[in-house]
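K.L.:
Residue numbers (numbering that gives the first Met the number 0), protein chains in the order written: chain A, 0 to 244; chain B, 0 to 289.
No lab work stands behind these hints, which were simulated from the structure alone. Glycine included, C-beta positions come from ideal geometry on N, C-alpha and C. The reader is advised that the hints may include incorrect statements.
Claimed, not checked - Simulated pairs of lysine to aspartate or glutamate, DMTMM-like, Cα-Cα distance not exceeding 20 Å:
| no. | chain 1 | residue 1 | chain 2 | residue 2 |
| --- | --- | --- | --- | --- |
| 1 | A | K16 | B | D94 |
| 2 | B | K215 | B | E21 |
| 3 | A | K16 | B | D136 |
| 4 | B | K146 | A | E87 |
| 5 | A | K84 | B | D70 |
| 6 | B | K215 | B | E166 |
| 7 | B | K146 | A | E215 |
| 8 | A | K84 | B | E166 |
| 9 | B | K146 | B | D136 |
| 10 | B | K13 | B | D26 |
To be verified - Covered by chain B, per the in silico footprint, the following chain A stretches (three or more residues, Cβ under 8 Å):
| no. | stretch |
| --- | --- |
| 11 | 1-15 |
| 12 | 78-91 |
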Amino acid sequence: MLYDIWTVFWRDWVVLKRRMTKFILSRMVAPMLYLVAFGWGLGRSIQVESGTYLDFLVPGILALNSMNISFNSITPVHAERIYHKSLEEYILAPIWPDAFVIGKVLAAVLRGLISSAIIVALALAFGAHFTMTPLFLLVLVLNCIIFAEIGFIAAMKIRTYEEMSQVNTYILLPMSFLCGTFFSTQALPGVLRGIIELLPLTHTSYLLRGIGSGSEIALASVFVLLLYAVLGFVIGSRSFRQLTR
Amino acid sequence: MIQIDNLVKKFPHKTKAGKNSEKTAVDNLSLSVGEGEIFGLLGPNGAGKTTTIRMLTMQTQPTGGRIRYKDMDLAEHAQELKSIIGVVPQHVNFDQDLTVGENLELHARLHHMKRAERQQRIRELLAYVELTDVVNDGVRRLSGGMKRRLLIARALLHQPRILFMDEPTVALDPQVRRRIWQLIRQMARDGVTVFLTTHYIEEAENLCDRVAILNKGRLVALDTPQNFCEKLGRYTVEWDGSAGREYQFFAEKQAAAAFAGQQAGDGSILIRPTNLEDVFIELTGRREGI
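Model the full assembly from the supplied sequences, consistent with the hints where possible.
P.N.:
Written as structure tokens, this is what we have:
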């Protein structure tokens, strides 16, 4: 099973290696803009309880960027299923079906983590202050896993390319702005806040910000993320198996 | 080698009135294929050929019936049996982001081949299908014929004992088609059981030891191409009749010649050996869309 996971991961690693420079350069654009516009520009006129707005902002950007990159790194599986039909290679092979799900998710996590490393380097260059601990990294990895799994499920279920882009519009974009990335969820009205606080990105933002600033955090949020990760794997695995119905 | 009993596949379907219904793509199909045989599944478009191959290769589950390979039930030994099966699909399904060599490498890894073994097999097979020079090219750059040959090389990489080929020469020019036929014959000589679908009558006639004719999901007939023709009559007389082109079949050439002599001499009359296309038309009643 480990060999099968490695094989699936190997395919994505071959592709990533070939495009590494392009990948790194393209992943620098959005965080640079966020840091300049919200950190330097708008951020100077915003006061937060602990430190500068830049320090407040960086964990949020890490959360939303790792979400976007992990999700979008796995969505080409949709084209492999619908247009190129290259997913048949894996269905026909004597591999454990879950190995495919895990291999693809791990490859997307790697991309999410490379992108996060770029943001950390940029944020430090911009003068941000935050602490990175093993728990900080665990939360980041869990966030990448969850959104890679959501991307995988979408790739298995959705029929057209147009519908695939709607997942970005209706799910990822609202989460990018509302889940405690740019401002605290405390500012939201009651019912909306209740809904937002159920979402995984809110827990990631909250945890990364808390750990990064050295504040106390609720470990329950880590368990919420773990729960999402397990649930995502179960649904993803089932979706892949259903392709042969 | 392959034993199929009462195989059924139904798909969800909406009627013209918009009601949910089921459409039967394969209807109670039973047949067996021997080891080392080239077996052809012949039928018009929509006959159920591809659905049958998809069930035999575990890409879709049957609604009913049973499939066995070497007395092993497919439902119970799916992973094990995937190792002895090779598939050449109707469509080109390479990984578009990988090169020719990387596509083969991925297939070899997915079939748990050791490093030295997979490198040797990739070299051998690229030479076998004459694609050694393009090993580092992207698959998008290959011509249609090269892609077909690469599909065959990939399917053979893990040395399957049964090879499924779904319309292996569809949309290829005659030279490439004949080259692929040579490859298929060579594989059968090497002991591989070949199960192919085609809607090219000539292909089935030239390649297959036995042919099953499928129409609307049902098995219409199963025999060798020679027996099919002999049963219908070895000689065909065809001529322009009042209802269009007409055909009559005869066991003996003298009888065919005598019949032809009785027809009006407008120059349209032809005496020729009966072929599988005549059999196909007689059995399925289709002259169009073969």
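K.L.:
For each hint, tell me whether it holds in the structure or not.
P.N.:
Evaluation of the provided hints:
1. Restraint check for A/K16 and B/D94: satisfied, since their Cα atoms lie roughly 16 Å apart, inside the 20 Å limit.
2. Distance restraint check for B/K215 and B/E21: the Cα-Cα separation of roughly 14 Å lies within the 20 Å cut-off, and the hinted pair is therefore satisfied.
3. Proximity of A/K16 to B/D136 is assessed by CA-CA distance (about 17 Å); at most 20 Å being required, the pair is judged to hold.
4. With a C-alpha separation of about 16 Å, the suggested pair B/K146 and A/E87 falls inside the 20 Å cut-off, and the hint holds.
5. For the given pair, A/K84 sits about 31 Å from B/D70 by alpha-carbon distance, which is inconsistent with the 20 Å threshold.
6. Annotation: proposed proximity of B/K215 to B/E166 holds, straight-line Cα distance about 18 Å (limit 20 Å).
7. The hinted pair formed by B/K146 and A/E215 fails the criterion: a straight-line CA distance of about 59 Å is larger than 20 Å.
8. With a C-alpha separation of about 16 Å, the suggested pairing of A/K84 with B/E166 holds against the 20 Å cut-off.
9. In summary, the hint linking B/K146 to B/D136 is supported, as the alpha carbons are separated by about 12 Å, within the 20 Å threshold.
10. This hinted pair checks out: B/K13 and B/D26 have alpha carbons roughly 19 Å apart, not beyond 20 Å.
11. With a cut-off of 8 Å between beta carbons, the stretch 1-15 of chain A has 7 residues touching chain B; three or more are needed, and the interface restraint holds.
12. Check on the stretch 78-91 of chain A: 9 of its residues sit with their Cβ under 8 Å from a Cβ of chain B, so the three-residue criterion for coverage holds.
In this structure, the earlier hints numbered 5 and 7 are contradicted, and the remaining ones agree with it.
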